[in-house]
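Chains as they are written, first to last, in my numbering: chain A, 1 to 486; chain B, 487 to 751; chain C, 752 to 1198.
Keep in mind the hints are simulated off the structure, nothing from the lab.
As the structure is a prediction and not an experimental result, all values here were calculated from the model.
All the given hints hold, so there is nothing to weed out.
Here are the simulated PhoX-like cross-link-like pairs (lysine-lysine), alpha carbons at most 20 angstroms apart as the crow flies:
1. C:Lys775 <-> B:Lys575
2. C:Lys776 <-> B:Lys585
3. B:Lys740 <-> B:Lys520
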Amino acid sequence: MPTHWLLAIILVLAAAGYAAARARALATAGGSMRRMHSLPRAYGMTALIWTAVPALLILGAWILIQPVVLEARVAGSIPEAAASSEGQRSLIMADVRRIATGLQLAVQGGGLGWDEALALTADGGSLRTRLADLGIAVGEEPGPAALDAAQVWVQIERVGHLAMTGVVLAATAAGFALSLIRARADVNARASVERGILVLLMGTALVAILTTVGIVMSMVFETVDFFSRYSWTEFFFSTDWNPRFQGGSDLGMLPLLWGTLYISLIALIVAVPIGLFAAIYLSEYAGPKVRAVAKPLIEVLAGIPTIVYGLFALITVGPFMRDVFAQPMGLGNSSASVMTAGLVMGIMLIPFVSSLSDDIITAVPQALRDASYGLGSTQSETVRQVVLPAALPGIVGAILLAASRAIGETMIVVLGAGAAARMSVNPFEAMTTVTVKIVSQLTGDTDFNSPETLVAFALGLTLFVITLALNVLALYIVRRYREQYE
Amino acid sequence: MKDSRLEDRDTTMNDTKISARGVQVHYADNHAIKDVDVEIQDKTVTAFIGPSGCGKTTFLRCINRMNDTIDICRVNGTIEIDGEDIYDKRIDPVQLRRKVGMVFQKPNPFPKSIYDNVAYGPKIHGLARNKAELDEIVENALRRGAIWDEVKDRLDAPGTGLSGGQQQRICIARAVATEPEILLMDEPCSALDPIASGQVEELIDELRANYSVVIVTHSMQQAARVSQKTAFFHLGNLVEYGDTDEIFTNPRDKRTESYITGRIG
Amino acid sequence: MSDASAPRSTGASGSLMVLDARTKKRHAAERRFRYYGMGAVGLGVLLLVMLLVSILSNGLGAFRQTVFELEITLTQAQITEAEEALLKTSVYRGIIEENMREALDAAGVGDEVETARAMELLGGDAGSTLRQWAVSQRVTPVPQPDEGVTRTFDFLADGRIDGYFKGRVTMETAELDSRVSPEELQLADTLREAGVLRIELNPGFLTMPDASENQPEAAGLGVAIVGSLYMMLIVLCLALPIGVCASIYLEEFAPKNWFTDLIEVNISNLAAVPSIVYGILGLAIFINFMGLPLSAPIVGGLVLTLMTLPTIIISTRAALKSVPPSIRSAALGVGASNMQTVFHHVLPLAAPGILTGTIIGLAQALGETAPLLLIGMVAFVQDYPDAPPEGLFDPASALPVQVYNWTQRADPAFFERASGAIIVLLVFLAIMNVTAVLLRRRFERRW
Chain A
1 MPTHWLLAII
11 LVLAAAGYAA
21 ARARALATAG
31 GSMRRMHSLP
41 RAYGMTALIW
51 TAVPALLILG
61 AWILIQPVVL
71 EARVAGSIPE
81 AAASSEGQRS
91 LIMADVRRIA
101 TGLQLAVQGG
111 GLGWDEALAL
121 TADGGSLRTR
131 LADLGIAVGE
141 EPGPAALDAA
151 QVWVQIERVG
161 HLAMTGVVLA
171 ATAAGFALSL
181 IRARADVNAR
191 ASVERGILVL
201 LMGTALVAIL
211 TTVGIVMSMV
221 FETVDFFSRY
231 SWTEFFFSTD
241 WNPRFQGGSD
251 LGMLPLLWGT
261 LYISLIALIV
271 AVPIGLFAAI
281 YLSEYAGPKV
291 RAVAKPLIEV
301 LAGIPTIVYG
311 LFALITVGPF
321 MRDVFAQPMG
331 LGNSSASVMT
341 AGLVMGIMLI
351 PFVSSLSDDI
361 ITAVPQALRD
371 ASYGLGSTQS
381 ETVRQVVLPA
391 ALPGIVGAIL
401 LAASRAIGET
411 MIVVLGAGAA
421 ARMSVNPFEA
431 MTTVTVKIVS
441 QLTGDTDFNS
451 PETLVAFALG
461 LTLFVITLAL
471 NVLALYIVRR
481 YREQYE
Chain B
487 MKDSRLEDRD
497 TTMNDTKISA
507 RGVQVHYADN
517 HAIKDVDVEI
527 QDKTVTAFIG
537 PSGCGKTTFL
547 RCINRMNDTI
557 DICRVNGTIE
567 IDGEDIYDKR
577 IDPVQLRRKV
587 GMVFQKPNPF
597 PKSIYDNVAY
607 GPKIHGLARN
617 KAELDEIVEN
627 ALRRGAIWDE
637 VKDRLDAPGT
647 GLSGGQQQRI
657 CIARAVATEP
667 EILLMDEPCS
677 ALDPIASGQV
687 EELIDELRAN
697 YSVVIVTHSM
707 QQAARVSQKT
717 AFFHLGNLVE
727 YGDTDEIFTN
737 PRDKRTESYI
747 TGRIG
Chain C
752 MSDASAPRST
762 GASGSLMVLD
772 ARTKKRHAAE
782 RRFRYYGMGA
792 VGLGVLLLVM
802 LLVSILSNGL
812 GAFRQTVFEL
822 EITLTQAQIT
832 EAEEALLKTS
842 VYRGIIEENM
852 REALDAAGVG
862 DEVETARAME
872 LLGGDAGSTL
882 RQWAVSQRVT
892 PVPQPDEGVT
902 RTFDFLADGR
912 IDGYFKGRVT
922 METAELDSRV
932 SPEELQLADT
942 LREAGVLRIE
952 LNPGFLTMPD
962 ASENQPEAAG
972 LGVAIVGSLY
982 MMLIVLCLAL
992 PIGVCASIYL
1002 EEFAPKNWFT
1012 DLIEVNISNL
1022 AAVPSIVYGI
1032 LGLAIFINFM
1042 GLPLSAPIVG
1052 GLVLTLMTLP
1062 TIIISTRAAL
1072 KSVPPSIRSA
1082 ALGVGASNMQ
1092 TVFHHVLPLA
1102 APGILTGTII
1112 GLAQALGETA
1122 PLLLIGMVAF
1132 VQDYPDAPPE
1142 GLFDPASALP
1152 VQVYNWTQRA
1162 DPAFFERASG
1172 AIIVLLVFLA
1182 IMNVTAVLLR
1192 RRFERRW
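Next up, chain A with everything else stripped away, as it sits in the complex (with noise of 0.2 angstroms):
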């Protein structure tokens, strides 16, 4: 039975449970609903929730546990002697993968019976046009190996199928029965159905732990991998970045890292004293009428997708750049630049520290301002030595908030920046970051056994790990900065 039935059937029991309950509940209160614990709907919402809930968990958890048990099976299943190597076991499980999603085709389209299917074998090497007349593309001509263990998998599959089609009607009929025989008028249905939408409230918002671990999983494990593979010294400490497809790669960490943070440093050296200064403007000095209009403006900035800012640099400033400085001054004659993506970075950043420190500089207590005034300071001496010093914690917090965007920034980089891993204090030079280098290994066609796709995971970890680290420093300098003043 096709999943999408089995999810009919059991909507259709489920508005069919509260149907009935709902009737069954008045009857037992004799038609009068005055005479009845809750409401009529809530007797009826009970048995559509006992109906539809467990068995829906079960399918849910069903679907998602059942390949990873297959996978486990099917992979123990093939011999040691056909699969000596890693390798060559994975490429192996691709044949077998194609051969059973084949086979099913195969079945389903009628052109072959369960039985036949299960009883090929891979005899006189006539396997492959076997297939290929049935619809299956086989690169090569499949071993015994990789027929035999895609059997097991088509058979795992089918029986798992009929097991999970079993077990989740049964837990469908048993919650409408359960759920009708406790429908009576003296039973408290509404407490019971609102500790049923509290449970599904709970949960969704364990999505955003679930979120969190399923970050860290998918990349951990990954990780784990490629310093099986690779030394993980040299990821951390060599200073050469050089993948090759054949083998043999360098890939030290250090050149992303130095572009990552030099072209952070650039942007955060443009966006600081812009974005601050614009802040302490709108803030102390500007007029309400100038506020009205500036404000939205410069956030207007923060709106826009970092696609844009990324083309914005790659056919605007990058040539600028190599154009008037970069070429005049004898300094390089590439486009992408460090310069390029570090300023386009900071205009991004600009919207992003100005309303930041907005916030905190408005936080700041009006009565210091006024003891500054009273004192016969002028507006910038009030500004420069009491507000921003009372502000720095805070103004700080954010520079670090600013800080994690910029070295966790994509778009900008793999448009402005370059590709080259290089280690070079010259900023009209290309050079390129942790995230070029993810999107790049990640990109096109890639084989997860290769430690030049796994040093992605790597790289995304430590990535993680910086701007983590970075946020939650932020974020508690922040909270400290505005409990002070509560």
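With the hints as your guide, set chains B and C onto chain A.
Then chains B and C, alone, in the frame of chain A:
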């Protein structure tokens, strides 16, 4: 006690230091001060009393143009200090506020060291040529603020770490460090406990020797203890102005009498 | 004490009307400081203007395209012959060439060389454009007499010719270019004067799918817009309910304990995780682990949902928080349960705020590029995905990724298209943000 203090006072007439004529203040549509005329004398403590919201703080803030920092506030009329109209276009509020120091209701030390708090004013106004002079100014100010002995060993400690009374005396020391001629105090004791209030009141009495002190207060007892002149404000009007003992013993206006006897307030 | 209490008289007793030198200097510093501030604000606005001007000036051209007007006459015999050939579009191209000769004769520039040259001015898809129409006109069996059908076509001109009229290609660059020659450009000038070549509005830019490297003139945003739309649909259907439910739990029901704190810290950190990390998550979990297809809107939608959730949760919580406790007390006072209070009273009052936050979250998701690169949205997709729900699993592109794709092509004509795509993207974003602002204005409530 009240009477004995009053007898000690030097009540000889001094020169007029501040003279206000026809002062009107509006906050947007709210008419906060209505046509106030008052002459405040040098080397005297003048108390502004009245029920809350009567405009006494607003009027005080007019004297050093602190109301300039509030966008919606408009001031009309003239206030002269030493014969110069401080609302004249040529007057620079920055210079004015150096001459007219202010102490606020809530102690508001900067989040800096005690030393830097007091040295801030002299620094921005350039009163010291070198570190030694600045040290001297800070020490003198702290002595005049009657807090030198309590803090002399920890001048580098943050000013925000002191007790409320100490903070307020730091703020007074900070205000006198710029060598003002007039000192405005906006309910300086309202955030303090009675012992700290007593210390500050004693201090105010000492400051009278050198400054014209204007103090806004809620407490009639305090006004009676520290001031020689008292002005009673009610609903934005200056109802009565005169010698403190006159006002408290023999008020001319019915409203003053009601306030003093506790019927309104 | 007497020494301490004597005021030092330095300058302060002078007239207030006269500025002393020091005060003058301080005021000068004040003015400088103010100018720095104005400068910073001005610079910010100026940079915004430069950014927009750069994108507009580069991209507006993409909405206009050079077309080649040509009357084509086809006989049924020709159609049948072409449809039976192996390389159908090249046969149709031959048919166009015959018609081209007549057209050039009519314009008075006809000879063999010129015809061949004029064919070079046509875009690569002229043959298939003609075929699409021809197939719809086909009558079988071939009737006798075979009268043939006639129609005037606006074929897209070659990208280089289009570039010549837009100023991107000049005689000098054509000299060095293997795909266009100065003679072709001269012919193009002649034909433009004859009215055969025209620059027209180009609706195809919004409706056509992407095209290959050497056909910039035919590249459009159709598939990308559909893909983005599908992903927004998924984000809306998943992120809004999940986000609202999670916010209700955290704001209204969650007990104050370490676990709730953990969730809160998690959410504020997720909001600041670099977007590319979400791409890695999508690749590892949705594609490698769960086996969902590459380049599919469903995967993009899921990744963007996870990215948008923190934004929606934060703004929803703010909206819930702004509903005053008096409303809750009133509902609880008439005997409503906590759950009823929240769903009947608090949630409806918070709805405008939630909606505004959701739109802003969607706008963010619409412009996001980096995570989509990792889940294969960069693939070259020329077929429209089917209608949802099956279509959600078909390969598609997305607006910002299409921009990235075009920047990676060698032909500078694609830069114009990339900028044009950005304009489309920005228009969508502007519409969403303006809607959010209007909603806020319309329903904003002051308690």
